[in-house]
Amino acid sequence: MATTTPVSNNYPEEQIKNTPATLLRGLVSTNEFSLLMVLVVGAILVTLRNPRFLSLSNIQTLGRDIALIGLLGVGESFVILLGGIDLSVGSVYGLAGVLVAFFSVIPDESQQVHTLGIPLPLAIVVTLIICTMIGVVHGLFVSKFKMHGFLITLVTLGLARGVAVAITMGYPIVGVPDELLPIAQGSLFNVPMPFVVLVIVAVIAIVLTRFTYIGRQIYAVGGNTEAARLSGINVDRRIILCYAISSFCAAIVGIIGAARLTSGHPSAGDGSELIAIAACVLGGISLFGGQGSILGVIIGAMMMGILQNAMILLEVSAYWQQIVLGIVLLIAITFDVWRRRRQQSRT
Amino acid sequence: MTNLAINGSHFMQNDLLLQATGISKRFPGVLALNNIDFEVYPGEIIGLVGENGAGKSTLMKILSGVYLFDSGTIKFKGRDFRPHSPAEAQEHGISTIYQELALIPHLTVAENIFLNREPRVPHSPGLIDFGKMNAGARELLGQLGAQVPVRQRLQTLPIAAQQMIEIAKAISRSAQLIIMDEPTSSLASHDIDLLFALIKRLKDRGISVIFIGHRMEEVLGIADRIIVMRDGERVGTLPIGEATEEQVIRLMVGRKVELYPKQPATIGTPVLEVRDLSNGKRIQDINFSVRHGEIVGIAGLIGAGRTEVARMIFGVDTKKTGQILIDGVEQKFSNPSDAVRAGIGLVPEDRKLQGLVLGMDVKENITLSILNRISGLLGWVRNNKQRETARYYWKLLDIQTPSLSQIVRNLSGGNQQKVVIAKWLSTNPKLLILDEPTRGIDIGAKAEVHAFMSQLASQGVGILMISSELPEIFGMSDRVLVMCNGRITGEFTHDQLQEPNAQEEVIAAATNYSMGVSEITNSLPQANPT
Chain A
1 MATTTPVSNN YPEEQIKNTP ATLLRGLVST NEFSLLMVLV VGAILVTLRN
51 PRFLSLSNIQ TLGRDIALIG LLGVGESFVI LLGGIDLSVG SVYGLAGVLV
101 AFFSVIPDES QQVHTLGIPL PLAIVVTLII CTMIGVVHGL FVSKFKMHGF
151 LITLVTLGLA RGVAVAITMG YPIVGVPDEL LPIAQGSLFN VPMPFVVLVI
201 VAVIAIVLTR FTYIGRQIYA VGGNTEAARL SGINVDRRII LCYAISSFCA
251 AIVGIIGAAR LTSGHPSAGD GSELIAIAAC VLGGISLFGG QGSILGVIIG
301 AMMMGILQNA MILLEVSAYW QQIVLGIVLL IAITFDVWRR RRQQSRT
Chain B
1001 MTNLAINGSH FMQNDLLLQA TGISKRFPGV LALNNIDFEV YPGEIIGLVG
1051 ENGAGKSTLM KILSGVYLFD SGTIKFKGRD FRPHSPAEAQ EHGISTIYQE
1101 LALIPHLTVA ENIFLNREPR VPHSPGLIDF GKMNAGAREL LGQLGAQVPV
1151 RQRLQTLPIA AQQMIEIAKA ISRSAQLIIM DEPTSSLASH DIDLLFALIK
1201 RLKDRGISVI FIGHRMEEVL GIADRIIVMR DGERVGTLPI GEATEEQVIR
1251 LMVGRKVELY PKQPATIGTP VLEVRDLSNG KRIQDINFSV RHGEIVGIAG
1301 LIGAGRTEVA RMIFGVDTKK TGQILIDGVE QKFSNPSDAV RAGIGLVPED
1351 RKLQGLVLGM DVKENITLSI LNRISGLLGW VRNNKQRETA RYYWKLLDIQ
1401 TPSLSQIVRN LSGGNQQKVV IAKWLSTNPK LLILDEPTRG IDIGAKAEVH
1451 AFMSQLASQG VGILMISSEL PEIFGMSDRV LVMCNGRITG EFTHDQLQEP
1501 NAQEEVIAAA TNYSMGVSEI TNSLPQANPT
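Protein sequences appear in the order of chains A and B.
Okay, so the first sequence: first residue is 1 according to my numbering, each after it adds one.
Okay, so the second sequence: first residue is 1001 according to my numbering, each after it adds one.
Think of the hints as simulated: they come from the structure by calculation, not from any bench.
Beta carbons: idealized from backbone N, C-alpha and C, even for Gly.
Accuracy of the hints is not assured; some may be wrong.
[Claimed, not checked] Below, in silico cross-link-like pairs of lysine-lysine (PhoX-like), each with a Cα-Cα straight-line distance of 25 angstroms or less:
| # | chain 1 | residue 1 | chain 2 | residue 2 |
| --- | --- | --- | --- | --- |
| 1 | A | K146 | B | K1281 |
| 2 | B | K1352 | A | K146 |
| 3 | B | K1320 | A | K144 |
| 4 | B | K1332 | B | K1385 |
| 5 | B | K1332 | A | K146 |
| 6 | B | K1395 | B | K1385 |
| 7 | B | K1061 | A | K146 |
| 8 | B | K1077 | B | K1061 |
| 9 | B | K1430 | B | K1332 |
| 10 | A | K144 | B | K1332 |
| 11 | A | K144 | B | K1281 |
| 12 | B | K1203 | B | K1075 |
| 13 | B | K1395 | B | K1262 |
| 14 | B | K1061 | B | K1352 |
| 15 | B | K1332 | B | K1320 |
| 16 | B | K1077 | B | K1281 |
| 17 | B | K1352 | B | K1320 |
| 18 | B | K1075 | B | K1061 |
[As the list claims (entries may be wrong)] Quick list of simulated restraints, FRET-style, between CB atoms:
| # | chain 1 | residue 1 | chain 2 | residue 2 | range |
| --- | --- | --- | --- | --- | --- |
| 19 | B | P1264 | A | G26 | 47 to 55 angstroms |
| 20 | A | A21 | B | N1383 | 17 to 25 angstroms |
| 21 | B | S1085 | A | W338 | 47 to 55 angstroms |
| 22 | A | L154 | B | R1153 | 51 to 59 angstroms |
| 23 | A | L154 | B | R1275 | 17 to 25 angstroms |
| 24 | A | I129 | B | R1153 | 47 to 55 angstroms |
| 25 | A | G26 | B | E1388 | 50 to 58 angstroms |
| 26 | A | R342 | B | V1235 | 27 to 35 angstroms |
| 27 | A | R342 | B | T1266 | 45 to 53 angstroms |
| 28 | A | V199 | B | K1385 | 44 to 52 angstroms |
Turn these sequences into a full structure, and let the hints steer you where they fit.
Given below as structure tokens:
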């Protein structure tokens, strides 16, 4: 390229060396690694106070809890990566549990509600579709009407819970088909089924966010929506996709929850949006968008799960548990804001 | 002090308003200021110039209390001065007017001027004396020769008026030194004249001004003395009578730079045709074309509607009527991704807000528009392809970073702009729209950007360049369109641009005044004969 100014990069061409030592150093310097260290130290401390923490049955319980938090968190993280927020995941969780029970339970005079009794696989599919459509609607409001995700999902937070209560008339729909129960209560080589589901969903999510152009575009939209739009990225489609993923994951959790309780309970998942958001922020997803990883969210979910589990094992009063949760969230959010400020002061 | 004689020999050392000696400031990894001496006389206008990263902003942030200095001394009005906050600096009499104005849009002009110092109704529990406040504001603005309704909400005023209010606010706090950081960057040329007249009035009242600028002709037109910085050091001081543009630029970059290296290119068939374009509001009757290999410049004042036209062509904003043809085929873009697919690129006017994802690295920003093209099965991004593409443009544009994984937030303005341009080059566009392509970047990078534009045109790319800098418009364009108030008010061919009074005619079309050349020259600021 001939120009009138002399062209020369002052820097040597980038060298990539993949020796085991540099790989290890790279691994140790990641955020995920530091989070994992915190997790391990926490687990050791809990074990010292109560060795029952490491018993097989406790670890399995823990696995089930972590799976539900993790699934909600992975979905939520897509929306937060965009720079939005989804407050409706707890209500969609509740609605999905009610819907799957409402569709699949055989009609019975003893129930308050006249259920439909359609085949279970169909009931699951219809439930997933309905809930995913809720996310699509969120995405449409956010992308086409330029409404902030906070507002439209706040509406759904109330609305979806209301629908769940209206369908059940306030009573749980009991007697979900036995075929549904293994998804919550079964296990594969001692690994609880919900955790297996989490691993599958997480692997798909990691591949999607890290390795596909759709994932990279999601990060770009979260980092700078306007620049992404002007770079020719179809921003509206990415927004709709992320909100749909969030609701879809919440629906999976709702179905697992129904299997766990063997009923569709209208108040299931109440307040769990807070736990999902906490798992994301704790796992390093920035509330400002465009930063963080799915792997971090999984670790964040583990931290939340262990924290809840440890409080039970250490016999912390139930009233205090909520306060501890709030404090953890405060610390995580303060750290996120501090990190953001530090980055911006460099420009 | 070798340059004491410049501003008049009657000044003694202790007449200095501000004297900084041996100021150094180190940031992690970089010595931003290296043993700088800096002095300001009362009633003096200093033009402070230097490339981005030369340390101008750091020095000004020290004076205005944003940063603390590591070593050296500052004396202000003869006393030691070491402000710990902008409020402290203002209290002592140094006010700074930033590019992004620090005003509150929903408050009135008077409320903004007296913010946090509102006159109170005597013996009341904190009631504001609005009558007194408005009268005070009116008087203050009157002294500055500005006619602004003091009870109007700020957001309804143009940027130029808002800037005057910032200055009024500084004066109401009895500022003796006002620092202006690129105050003209968002002003149209006749507003610049008003600002310069105002600065002269400040000078007459004995207030000193430090004027940081990128446009040489402005700095030369307003300053009494020019101080040039490079790489954290003061490399020269030029009294205004002796300074020439070339001299200042040579000091700034430390080498000779050739601006506007427009090379002739073969001009082919129209790549873009715009017919009867309007947005149903201000933009009306837009008709023009850009041919392969041609650089078409759009001149005009800020707010003339140039950016809006570009955004409609690129599918960002919807058009009300009209047709857009690419290579003779009509296009209907519902969003920018359609426009990108049709071979258009847009380098937006604000690279940080619209051009870059600041938290991503160089590689990802360069390939942002072609992510789907470099992806394989299931949308899997091919890392090697991404790295190769990014490295190719990194070398081609000589982007100065240690690696492709550098986060673009940490790059200088010029290198950031090169990343935005690289992003569009990677899409192989037929038509590239550049909106203020060299705003706020240093002169070396500016010349390189101009060279690339020239290069692209010679490869057959059509270029539409929006610019508020007339020298850039004249230096780079094969043809110039002038816009005013949402319409095209003038078109100049390459030959017409060579005529001696072409510049005046372009200004006339941009301001839509049907006045003669002499009237325009009269309305320009008079050079100060100090």
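Violated constraints from the hint list, given by number and in increasing order | 4, 7, 16, 17, 21, 22, 23, 25, 28
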